[in-house]
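Each chain, written out:
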Amino acid sequence: MKYETVIGLEVHTELKTESKIFCGCSTRFGAEQNTNVCPVCLGLPGVLPVLNEKVVEFAIRTGLALNCTIAPFSKFDRKNYYYPDLPKNFQTSQYDLPIAINGYLDIAVNGETKRIGITRVHMEEDAGKLVHAGTIAKSDYALVDYNRTGVPLLEIVSEPDIRSPEEAKAYLEKLKTILQYIDVSDCKMEEGSLRCDANISLRPAGSTKLGTKTEIKNLNSFRSVQRGLEYEVLRQTEVLEEGGRIIQETRSWDENRGITVSLRSKEHAHDYRYFPEPDLIPIVTDEKRIQAIRESLPELPDARKARLMRDYGLSGYDAEVITASRAMADFFDAAVSLGSDPKATANWLMGDMSRMLNAAGLSVEEAPVTPAKLAGLLALISKGTISGKIAKTVFEQMWETGKDAETIVTEQGMVQISDEGAIIAVIDAVIAANPQSVADYRAGKEQALGFLVGQVMKQTKGRANPQLANKLLKERI
Amino acid sequence: MSLYAKTIRELNDKLKQKEISAVEIVEAALRRIDAVETRIGAFRTVTSDSALAQAKAVDAKIGRGEPISPLAGIPGAIKDNICTFGVPTTCGSKILAQFVPPYNATVMDRLAAKDAVIIGKTNMDEFAMGSSTENSAFGTTRNPWHTAYVPGGSSGGSAAAVAAGEAIWALGSDTGGSIRQPAAYCGVVGLKPTYGRVSRYGLVAYASSLDQIGPITRDVTDCALVLNAIAGYDPQDSTSVKADAPDFTAALAAGVKGLKVGIPREYFSPGLSDNVRAAAQDAIKRLTAQGAEIIEVSMPHTEYALSAYYLIATAEASSNLARYDGVGYGHRGSGNDIIAMYKKTRTEGFGEEVRRRIMLGTYALSSGYYDAYYLKALKVRTLVKRDFDRAFEQVDVLLTPTTPTQAFRVGEKVNDPLAMYLEDVLTVPINLAGIPAISVPCGLADGMPVGVQFIGKPLDEATILRAAYALEQSGEWQNRIAPAGEV
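Residue numbers (numbering that gives the first Met the number 0), protein chains in the order written: chain U, 0 to 476; chain F, 0 to 486.
I should point out that these hints are in silico values taken from the structure, not numbers from a laboratory.
The beta-carbon is built from N, C-alpha and C at its ideal position, and this holds for glycine as well.
Mixed in with the good hints there might be a few duds.
Stated by the list, open to error - So, partial list: chain F residues that the calculated Cβ filter (under 8 Å) puts toward chain U:
id, residue
1, P101
2, F137
3, Y200
4, G201
As the list claims (entries may be wrong) - Footprint (simulated), chain U over chain F, 3 or more residues, beta carbon under 8 Å:
id, region
5, 83-96
6, 227-239
7, 311-321
8, 361-375
9, 464-475
Given only the sequences and the hints, what does the whole structure look like? Please build it.
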């Protein structure tokens, strides 16, 4: 039988506020253990939470960027469960009245746009971190680091609209792009600031009834999301093909073994005993505030992509790649505003720039070549001062030395020779030295011209204007 | 009369006139503690050294001719569920026996700013769960009027300390009557402020939506003075009310002429003892004589309030007390894995009543039962609130007995939790509605105190204080010290 895959994703993202969600402690990642703590986030007897207003603002920004309805009345609830990394043994979260509902985002699948529904966006506090001596299984004890306790999180839940592991990855990438555009999260999966759980089920193709789902946890990278889901599709298909039934359960992705393993079944699922958090007052949001936040949103990826295609004639693919990161798109816009040719700028960003960034492991913001410097290089090319080929060498030197293109070109005498007299002198010498090639060309062998041009370039150390050299050579033979 | 038997206002006058020193007051209270504490057991911790140091600082201030606040140099006792920096805060529980808070409750900072002297921490029913102070892990507090009787609870230590002259004033906490009921049993004044009037920051939570800190004193004027010191908006408590607190002493003596006093029929059920009924009727008579207008009102949902209270309070408690797991602080039991450790810690650390309420609350919030219990209780809470709103369309304050009976004997109800819960029947509706109420002594009957309760509109503590003051001034009960077992 042919099966259709149905996937919904639950994404947790840490908000990049200065302080925690219910106290004034710093959210800085990587601080010494248990230094970003106070009585409130340690859950000591008698403490009370005070909501960080910035968290609400970021949640509303996110809701709006994901085309959600912002709830005029929202509240916090307590999710009760025992775990040693949770000092109060309840997590302050949102249950039935989340801050934002009913949104969507669009992803590109095989060149077509597909809309994935967003069920809800809600605010909650992060838990601490357990540290074991050696491995969990062999450790005699566990230590708790409460630095992360109370760091604000958003949980973003998608509708079960995703139909393949590839779509899941595309959804995550798009979500990450949007969150970075609106500057609410760093979305670093390796630091845990973006985490993803996946619900996945299969059903006979054509059926509209949902199959029994499993929840996959411990998906720690974009790649593991895709691999974990691919594995689960195979596993569930196999179970169904053999006439078996899928058990509703939580499974964990084992990255090393490349499989998912059962964690707990539905019967052992927690009863979280949610109830309204009595220590916090409801969040009432008026239309004026929502409007103000809406107006403060930057141009979002989809709109930006459309603008790049419309205003600069970029292809859909190029515009997609450039706008996939806000920093890259900002770089593009800055360079173009300095007079650079848009198409050339896009090519440089997607080509040499991306190659150098990847090789150096740097982000766009950290690149030693700034938009102004790239614009300077492109100006030299378009003026004909240097050739495109030389420009690549210049770019690499700009990257290494931090100097601007003009300085490098002047210092190293890389200026292109466009003086006809100078080129003719070289051409005449080349003609004289290569009578056989000249004869071949005259006899109709076109490729002989290429050899001769190459000789001219060689004599001028690549500085002769290639078009001019070509034209003059033809005239002189 | 010894200094320990005087009121805040009297002592403040004497300090200002330099007739006495703050150190003398504190020494008088400490001597009184030495004399009676073995029979009363009001305190968990007596902080003699720091109390004397605080008193010395106040004397120095007076010596320099600086103005002092009404509470300056006057020793008060703090219920042991209010966090005091560097001083053990046990909540009457084994699980927090060794807990020393690294921070102060907001009320403690406010009292310190007024130079109030803290003489110790008082015994209580474990985590404020109880009506007799018999549920403390550290022993039972006795009623200073007769040591065979309970002082009430859960703020029994605070009420007994004030009644016995071991402290001039005290702070208690009131979730379902825990200030007012012991105040009535011990013959002192106890006020539960409007929910949000006094910051809860640093009050160890029992039921967050019901808990309030409030004063326990020997007369109504002192009650207003302590409330002045602790009331007001606190940004650290999101449920605190953004309203300026007035000077609660300002209108005390304005009288009750023309004041509309509601008598809710449902609070005078056949379950009242004769003494309690007679005391309330006497209060009505005295208020009428002073020109108050008595109006009978009906509050039809009163009978459901107690059940709703025990669902909401236990539900919140089951979550609030989850943090006592032996991981970060407090008692830790031993176990081979985390679950075994949790079980051992909580079984050893909590007393029977606390375990009972945690289980009740956990059940009320469980999937499948939530709607029938917790949600239903919230609806009842709304109806109870509406009863009060409607009554206050007609009247300015309500007058009721504080408790159905007077203090009972130690041990009399420990094996009958339901009978114990019924002691709260006249006080819990006020917590559900979040409104203020005060219990004021109304004489002795059969040798034991009786109290009546004035209930007010939200944030209208001033009016119930005025009514209580009028009642107090018209009777013979003003600032009485209990014999505390002295024959």
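Taking the hints in turn, this is what the structure says about them:
1. At about 6 Å, the closest approach between the beta carbon of F/P101 and any beta carbon in chain U falls short of 8 Å, and the interface hint on this residue holds.
2. At its closest, the beta carbon of F/F137 sits 17 Å from a beta carbon of chain U; the interface hint therefore is violated under the 8 Å criterion.
3. Against a cut-off of 8 Å between C-beta atoms, the interface hint on F/Y200 holds, since the closest Cβ of chain U lies about 5 Å away.
4. Taking 8 Å as the C-beta contact cut-off toward chain U, the hint placing F/G201 at the interface holds, the least distance being around 4 Å.
5. Residues of the region 83-96 of chain F with a Cβ under 8 Å from some Cβ of chain U number 3, which satisfies the need for three, so the listed coverage holds.
6. For the region 227-239 of chain F, the proposed coverage by chain U is satisfied: 5 residues have a C-beta within less than 8 Å of a C-beta in that chain, meeting the threshold of three.
7. Beta-carbon proximity to chain U at under 8 Å applies to 5 residues in the region 311-321 of chain F; the threshold of 3 is reached and the given coverage holds.
8. Requiring three or more residues with a Cβ within less than 8 Å of a Cβ of chain U, the coverage given for the region 361-375 of chain F holds, as 6 such residues are present.
9. Counting residues of the region 464-475 of chain F whose beta carbon lies closer than 8 Å to any beta carbon of chain U gives 0, which falls short of the minimum of three for the stated coverage.
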